[in-house]
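*Asks:* Residues per chain, in single letters:
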Amino acid sequence: MSRGNNLVRHLASQPHPRPRPPPQSTICLRCLHTLRHTPRSIPIRHASTATATSSPDPAPTPLPPPTPHTQTHTIHTALLLSRAPLLTRSLTPFESAYFLYQRRLNERLSLPFSRYFYYARGTPQEAAYKRSIRERLTPARDIGRYSGYGDVAWDDEVKVGDRTGEREEVVESLVRDAEGFLRKDKDEDEEGGEGEKEGEKERVEVTGGSRQKIGKEVPKPVERISDADRRGDERSLSRKMERTLYLLVQKNGVWGFPTSRLGPKESLHTAAERTLIQSAGLNMNTWIVGNWPVGHQILNYPQPRSDELAPSGFTTPSTPRQIIGQKTFFMKARILAGQADLKNNTLDLKDFKWLAKEEVQRVLDKREWNAVRWCLSER
Amino acid sequence: MLSNLLRPSHRPTQSTISPTHQFLLAPTPQQTSTFTTTSPTLAKGNRPRIDRRITLIRYHLHHPKTPRPLRFSRLRALRHWTIHRAAMLYRQQQRRTQELELERQYNAMRAACEELRIGVGDGGRLYRQAMVRKGIFGGKAQSEGGVLGGNGGVPIEYARAQTDGPPRKGWDEGWTRG
Numbered sequence: 001m002s003r004g005n006n007l008v009r010h011l012a013s014q015p016h017p018r019p020r021p022p023p024q025s026t027i028c029l030r031c032l033h034t035l036r037h038t039p040r041s042i043p044i045r046h047a048s049t050a051t052a053t054s055s056p057d058p059a060p061t062p063l064p065p066p067t068p069h070t071q072t073h074t075i076h077t078a079l080l081l082s083r084a085p086l087l088t089r090s091l092t093p094f095e096s097a098y099f100l101y102q103r104r105l106n107e108r109l110s111l112p113f114s115r116y117f118y119y120a121r122g123t124p125q126e127a128a129y130k131r132s133i134r135e136r137l138t139p140a141r142d143i144g145r146y147s148g149y150g151d152v153a154w155d156d157e158v159k160v161g162d163r164t165g166e167r168e169e170v171v172e173s174l175v176r177d178a179e180g181f182l183r184k185d186k187d188e189d190e191e192g193g194e195g196e197k198e199g200e201k202e203r204v205e206v207t208g209g210s211r212q213k214i215g216k217e218v219p220k221p222v223e224r225i226s227d228a229d230r231r232g233d234e235r236s237l238s239r240k241m242e243r244t245l246y247l248l249v250q251k252n253g254v255w256g257f258p259t260s261r262l263g264p265k266e267s268l269h270t271a272a273e274r275t276l277i278q279s280a281g282l283n284m285n286t287w288i289v290g291n292w293p294v295g296h297q298i299l300n301y302p303q304p305r306s307d308e309l310a311p312s313g314f315t316t317p318s319t320p321r322q323i324i325g326q327k328t329f330f331m332k333a334r335i336l337a338g339q340a341d342l343k344n345n346t347l348d349l350k351d352f353k354w355l356a357k358e359e360v361q362r363v364l365d366k367r368e369w370n371a372v373r374w375c376l377s378e379r
Numbered sequence: 001m002l003s004n005l006l007r008p009s010h011r012p013t014q015s016t017i018s019p020t021h022q023f024l025l026a027p028t029p030q031q032t033s034t035f036t037t038t039s040p041t042l043a044k045g046n047r048p049r050i051d052r053r054i055t056l057i058r059y060h061l062h063h064p065k066t067p068r069p070l071r072f073s074r075l076r077a078l079r080h081w082t083i084h085r086a087a088m089l090y091r092q093q094q095r096r097t098q099e100l101e102l103e104r105q106y107n108a109m110r111a112a113c114e115e116l117r118i119g120v121g122d123g124g125r126l127y128r129q130a131m132v133r134k135g136i137f138g139g140k141a142q143s144e145g146g147v148l149g150g151n152g153g154v155p156i157e158y159a160r161a162q163t164d165g166p167p168r169k170g171w172d173e174g175w176t177r178g
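Chains A and B, in that order, give the protein sequences.
Position 227 of the first sequence, counted from 1, bears residue number 227 in full-length UniProt numbering, the numbering being contiguous throughout.
Position 103 of the second sequence, counted from 1, bears residue number 103 in full-length UniProt numbering, the numbering being contiguous throughout.
Isolated chain A, as found in the complex (with noise of 0.2 Å):
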């Protein structure tokens, strides 16, 4: 590298009318004017030109004493308090379609199901079995009705618009199997016409006959919309579910996190446990993840302000203080169990949210949205 240069300002310092390199030389133009202009604080080595008359370097002149730092940001801390999310994320149709296709493959590649190893011969079980095999044509339960053997085991890809593999449709075979059924022919349920008489046995339509259960009612598993989505509830934590929540607090008709400054003596992480307490409340269950921030924001006032409170760290000054902005840490903290309240606030508070990422650049300034748009989690 040195040697570069070395030529490269060997070549610039060459006396030229005009900063237009030399034929032979390689440098640009911009280059070539800034390397003309280097203050020559720092000695260029002329290596061709030793024994030029260059006048030796002035002594160095000694800088100005210390002046007393006047101006300064305030640091505060603020919270980024997420809820982790509770669910998997949801597949895309094409990740559902694939992971439909690739189980029905394995379905042509796997062994034939051994059913006496399983059931024993005679065996109320092994009747249930049989029925159910019957009905889905293979042991798995979650690729629709498929067998991997036989003469059609090539036809193992679904139509358009099928919605075999999809999250609802395999909850729906999986407990309709786990209550179990009885399968009829279509000719027997025409002739019999007992079971339409008889409103409280549930009937699935299904191709080429219908389906009667007859075991116990078995539990559906939640949905993954909760109530408080369907009401947009935005202060409930059980919205939104595989995303991250974060809490976004009001203050003075403005959203943000929860900020407080810091005091004398203090860490971020104890500033950023006493912001929680006095903002949120004490009944939630958190963590804060680490002592050291995951984001910071620097705010500049228009106007230098007098400062009331000294900010930590500093000896007391002679001089008055000024305070030309704000720097504010982001630390990051999860809820585990609780919600927020915010009865007992002591940093005037008015509302809360639990927001996903995107809602949060929604409500936020667009200064703090860039300071924390890349500390938010995308999902």
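Just so you know, the hints here were simulated from the structure itself, not pulled from any lab data.
Remember, predicted model here, so these are calculated numbers, not experimental data.
Just so you know, not all the hints are guaranteed correct.
Below, computed lysine-lysine pairings styled on DSBU-like, alpha-carbon distance capped at 30 Å [to be verified]:
hint, chain 1, residue 1, chain 2, residue 2
1, A, Lys130, B, Lys65
2, A, Lys265, B, Lys140
3, A, Lys251, A, Lys343
Put chain B on the given structure of chain A with help from the hints.
*Replies:* Showing chain B alone in chain A's frame:
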């Protein structure tokens, strides 16, 4: 799980026998010593009988239909290749997105630490306090008398895995301290 599902599976499975199966298949070891070291009752016909369950498992694990062939027509093979390729591209995009997100988060964190180190004007006191790692993986929290910067370790609730369905009662909003 995802990688298993996304693995190409258009080739027939190999007919490898796992070590467990080999053990099950292996005949009883031949006697090599010149004198017997076992009980004389064995020589009188009371040979140890192989467990019936082991025989059953062995019988059912080895099926004559192994390995099953997976034969594709020309168009189907082409379709399979397309599907597989699309899935791989999709996975790659996803990984790239995740990596970039992580990188941005790291950069934001690093910039914040750098600002804390030189931009606060307290001679780096806050930075030094923030860099203390003592007690972050265990011990008491600082508020409960632990070391400076101790946060009580990783809470056990943090180990909750994401599930396919939510809990029946939803989020525990009634939690109170103490």
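*Asks:* For each hint, tell me whether it holds in the structure or not.
*Replies:* Consistency of the hints with the structure:
| no. | hint | verdict |
| --- | --- | --- |
| 1 | A:Lys130 / B:Lys65 | 22 Å, holds |
| 2 | A:Lys265 / B:Lys140 | 20 Å, holds |
| 3 | A:Lys251 / A:Lys343 | 14 Å, holds |
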